[in-house]
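Protein chains in written order, with the numbering used here: chain S, 299 to 411; chain Y, 8 to 120.
Bear in mind the hints are in silico, worked out from the structure with no lab data behind them. Even glycine gets a Cβ: it sits at the ideal position worked out from N, Cα and C. A couple of the hints might just be wrong.
[Stated by the list, open to error] Chain Y stretches covered by chain S per the calculated footprint, using a threshold of three residues with CB under 8 angstroms from any CB of chain S:
1) 42-51
2) 107-114
[Unchecked claim] Calculated pairs, SDA-like style, for lysine to any residue (alpha carbon to alpha carbon, straight line, at most 20 angstroms):
3) Lys59(Y) - Thr77(Y)
4) Lys56(Y) - Tyr401(S)
5) Lys342(S) - Leu53(Y)
6) Lys107(Y) - Glu350(S)
7) Lys107(Y) - Asn351(S)
8) Lys107(Y) - His327(S)
9) Lys67(Y) - Leu55(Y)
10) Lys107(Y) - Pro359(S)
11) Lys75(Y) - Thr12(Y)
12) Lys342(S) - Thr12(Y)
13) Lys325(S) - Gln52(Y)
14) Lys59(Y) - His81(Y)
15) Lys360(S) - Arg318(S)
16) Lys107(Y) - Gly326(S)
17) Lys59(Y) - Thr399(S)
18) Lys342(S) - Asp101(Y)
19) Lys349(S) - Lys107(Y)
20) Lys56(Y) - Met14(Y)
21) Lys107(Y) - Pro394(S)
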Amino acid sequence: NAGVMQNPRHLVRRRGQEARLRCSPMKGHSHVYWYRQLPEEGLKFMVYLQKENIIDESGMPKERFSAEFPKEGPSILRIQQVVRGDSAAYFCASSPPDGETQYFGPGTRLLVL
Amino acid sequence: GNSVTQMEGPVTLSEEAFLTINCTYTATGYPSLFWYVQYPGEGLQLLLKATKADDKGSNKGFEATYRKETTSFHLEKGSVQVSDSAVYFCALSDGTSYDKVIFGPGTSLSVIP
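Looking at chain S on its own, in the form it has when it is part of the complex (with noise of 0.2 angstroms):
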């Protein structure tokens, strides 16, 4: 059973670009969370999605970040018009629909120059 899947691991963007990050829960897991963590912080929560639908997005900053978790394919997290501010590790983590242990993928470590 693979774990949570993230990609790309790294990725590199220039201000004003766009960065897509992906994630792929473990099989059988139908929710899903994005986290934050900035160079010697912790883990800040941004948001919960189930399929199809944001349960809760209050940790999502209110403007260039939006996340989705459609049907088919893996959840989207993406920052518009990036800033060096943005640079950070993002984790995804899935549970079960009926778990309260969350299982996390490696990180996207984005860099914005």
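With chain S's structure known, arrange chain Y on it following the hints.
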């Protein structure tokens, strides 16, 4: 609101030393408590968890006991190894209709031979 506080690092220990990483929490209701470990360049891995008061979670020689009276979940290991060098995150799940995990800031541990 709910929150998690951890002892500040970095913590440096010699191999075979005793480890304690303090964690206290603030929460309404009856949260579940977790310790996650993050090895360099990797994502978070669940180390252990406890779901109710007086439960003891254990894994790989690490232990933590859910103490409701002191709102604590301290991580302990009797004899650390170099391979235990990592960042350790205490976390809670607030037990609402979905499980948004709230993380502490993390404690960096370095074990030297």
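Which earlier hints can't be squared with this structure? Violated hints: none at all, because every hint is consistent with the structure.
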